[in-house]
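J.: Below are the chains, spelled out letter by letter.
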Amino acid sequence: MEQVPAFVEWIQNTDLSTAIREGGLPYPIIGGIHLLSIALFGGMLLVTDLRLLGWTMRKRFVSDVMNQLRTWKWFGFVVVVVTGSLLAWAEPVRLYKSPSFWVKMALFALVGVHALVFRAGVYGHPERLDKAVTRQAKIAAAVSLLLWAGLIVSGRLIAFDASFDE
Amino acid sequence: MNAAEWVFPAVQSVHFVGFALSIGTIAITDLRLLGFGMRRQKPAELAADLEPWTRAGILVMLVTGILMFSTDAVGYHNNPSFRFKMTCLAVALLFHFTLHRRALRRDLPSIASKMAAVTSLLLWTGVVAGGRMIAFV
Numbered sequence: 001m002e003q004v005p006a007f008v009e010w011i012q013n014t015d016l017s018t019a020i021r022e023g024g025l026p027y028p029i030i031g032g033i034h035l036l037s038i039a040l041f042g043g044m045l046l047v048t049d050l051r052l053l054g055w056t057m058r059k060r061f062v063s064d065v066m067n068q069l070r071t072w073k074w075f076g077f078v079v080v081v082v083t084g085s086l087l088a089w090a091e092p093v094r095l096y097k098s099p100s101f102w103v104k105m106a107l108f109a110l111v112g113v114h115a116l117v118f119r120a121g122v123y124g125h126p127e128r129l130d131k132a133v134t135r136q137a138k139i140a141a142a143v144s145l146l147l148w149a150g151l152i153v154s155g156r157l158i159a160f161d162a163s164f165d166e
Numbered sequence: 001m002n003a004a005e006w007v008f009p010a011v012q013s014v015h016f017v018g019f020a021l022s023i024g025t026i027a028i029t030d031l032r033l034l035g036f037g038m039r040r041q042k043p044a045e046l047a048a049d050l051e052p053w054t055r056a057g058i059l060v061m062l063v064t065g066i067l068m069f070s071t072d073a074v075g076y077h078n079n080p081s082f083r084f085k086m087t088c089l090a091v092a093l094l095f096h097f098t099l100h101r102r103a104l105r106r107d108l109p110s111i112a113s114k115m116a117a118v119t120s121l122l123l124w125t126g127v128v129a130g131g132r133m134i135a136f137v
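Protein sequences appear in the order of chains A and B. Sequential numbering from 1 applies to the first sequence in the working numbering. Sequential numbering from 1 applies to the second sequence in the working numbering.
Same shape as in the complex, but just chain B (with noise of 0.2 Å):
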């Protein structure tokens, strides 16, 4: 991949087309939660509807990710920004699958579905900020 200099921006820009898919959903999913759009389904529909999307962006998202990561591993693993960025998505990703799928199952928004959203917004927006501070640090 270090071989063509268009490689690694195309790659990246897969990687951009996953994440703008996978935390897209997950975001509309959030708001749902929140109460600030698509109150007209019940939050599990919309989350039926919208996972399939979600996982085939985190599917894109994480194999164009290790991509780029193998195209200098020890300086990214020497990266704090990167560091930061891999925390949050371990964290973000086990939230997803386990207590933001439990929270959306719920058809009457609580206090704790509110902060499960609040909670995933917080932690997508970690990896989202954590990668693109891994060029200026």
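Excised from the complex, chain A in its bound form (with noise of 0.2 Å):
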């Protein structure tokens, strides 16, 4: 077996690794609300981003739209990255021999520079936009579904790299 860093081995040691993994029932249960946390933040950042681009809720502000879903795509978020990261704890020796995983975090930090880049411009002040939509923000928004999507794909083929074979 290809050697892994010892914090990788000490993470798959772990109780909870181990009880994820090989539980049976608790793997497929938070893949699931992992799944179901995609469904219901997807369907916001969606619904916000395609504002933002006005190809929906035309007749409502951008403000109104954004300030409504606020909460609850940060549930959604925390969810989907709790979720996440419970997964990842489970498998982290077959995680960081695939090359989607690595992909996806790349792209997963690439949101993080997103968020902090379009910030000031963008998503922190929402009423700003209820005039005129920037070029600025239909940019924004053009990146963050190109950046969704990206999440979606990567994550999807981590299941049919080579180390997940094994």
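Note that these hints are calculated values from the structure, not bench results. Treat each hint with caution, since some may be false.
Below, simulated EDC-like cross-link-like pairs (lysine to aspartate or glutamate); rule was C-alpha separation at most 20 Å, straight line [unchecked claim]:
1. 42/B / 64/A
2. 97/A / 161/A
3. 73/A / 91/A
4. 59/A / 107/B
5. 59/A / 5/B
6. 97/A / 9/A
7. 59/A / 130/A
8. 42/B / 107/B
9. 97/A / 5/B
10. 138/A / 91/A
11. 97/A / 165/A
12. 114/B / 72/B
13. 114/B / 45/B
14. 73/A / 127/A
15. 73/A / 107/B
Have a look at the derived ranges for each label pair, beta carbon to beta carbon [stated by the list, open to error]:
16. 75/B / 127/A: 47 to 55 Å
17. 13/A / 107/B: 55 to 63 Å
18. 6/A / 73/B: 43 to 51 Å
19. 127/A / 63/B: 37 to 45 Å
What the simulated footprint calls covered on chain B by chain A, stretch by stretch (three residues with Cβ under 8 Å from a Cβ of chain A suffice, anywhere in the stretch; the number is not a length) [claimed, not checked]:
20. 6-20
21. 31-40
22. 46-58
23. 71-77
24. 120-133
Predicted model only: the values in this text are computed from it and were never measured. Every residue gets a Cβ at the ideal spot worked out from N, C-alpha and C, and that includes glycine.
Bring the two chains, given one by one in their own frames, into a single complex with the hints.
T.: The following block contains the structure:
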């Protein structure tokens, strides 16, 4: 077996990792919650971004749509990240060797960069977009959609990487 | 579709985007009926705004779902999780285009419309959970 760093081995050998990996039901249940929160969070995210692009809810103010969905988006995001972390904790060795996992983590880091870059001009002050959606906001929405589509694709590809065939 | 290794996960990814779009937008209307968000819009207005995207998502979900089913039709047919998922899906779709739609037309949320919202959320949860379990049963 290819060598992995000690901390990856350590995670793999924790009780929590073993319990999720080998417990039978926990893994698919956590995976199911992960998927459900993708549906919930993904739906909210799509509606926000599509509103910024002017493709839905055009009669509603941007700030109205964004402010009302904010709490639920955060809720979905937290559940996605927590369940995703638990799934990763259960399979650290396989994930370490999975190229798709690293692509997914890189995209996830870019989501953070995206949030920082566009906070001041777009997401922090949606009411400023009520009169007219700026080009910057449309770019933010398009990039956000691409990043999350990439996260879904790379996430799904993990299960098909060689390290998960063993 | 069984020919190249990347085709199945690619189609599956599109399936995920499709259900995020459809189930996500349906969940928004359900949360509205329950009084948990988007309260400044009437349920009917919200539903009218979102329905085209819900339908687009359902279409994407069904087309990619049928493609994946076709790669191993017998295997899926015999899989109990798959059967559970299909039962939930049939009821969920029927519900969405009948009672759920009617519940969204009412301006004042009633007990009945809240029950419709909970039923809708449970049915779609069953679809996703059943789908996830296919790989494990």
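J.: All the hints need checking, so say for each whether the structure fits it.
T.: How the hints compare with the structure:
1. 42/B / 64/A: holds (13 Å)
2. 97/A / 161/A: holds (9 Å)
3. 73/A / 91/A: violated (27 Å)
4. 59/A / 107/B: With Cα atoms ~18 Å apart, residue 59/A and residue 107/B stay inside 20 Å; holds.
5. 59/A / 5/B: Violated, at about 44 Å.
6. 97/A / 9/A: Holds, at about 12 Å.
7. 59/A / 130/A: Status holds; Cα separation ~11 Å.
8. 42/B / 107/B: holds (6 Å)
9. 97/A / 5/B: Holds: residue 97/A and residue 5/B sit about 18 Å apart, inside 20 Å.
10. 138/A / 91/A: With a Cα-Cα distance of about 37 Å, the restraint between residue 138/A and residue 91/A is violated, given a limit of 20 Å.
11. 97/A / 165/A: holds (12 Å)
12. 114/B / 72/B: Violated. Residue 114/B to residue 72/B sits at ~39 Å, over the 20 Å cutoff.
13. 114/B / 45/B: holds (17 Å)
14. 73/A / 127/A: holds (18 Å)
15. 73/A / 107/B: violated (25 Å)
16. 75/B / 127/A: 47 to 55 Å: Holds, since residue 75/B and residue 127/A (Cβ atoms, about 53 Å apart) stay within the stated range.
17. 13/A / 107/B: 55 to 63 Å: Holds - the Cβ-Cβ distance for residue 13/A and residue 107/B, about 58 Å, lies within 55 to 63 Å.
18. 6/A / 73/B: 43 to 51 Å: holds (46 Å)
19. 127/A / 63/B: 37 to 45 Å: holds (39 Å)
20. 6-20: holds (count 10)
21. 31-40: holds (count 6)
22. 46-58: Three-residue rule met by the segment 46-58 of chain B, so holds; n is 4.
23. 71-77: violated (count 0)
24. 120-133: Answer holds; 7 residues pass the 8 Å Cβ test.
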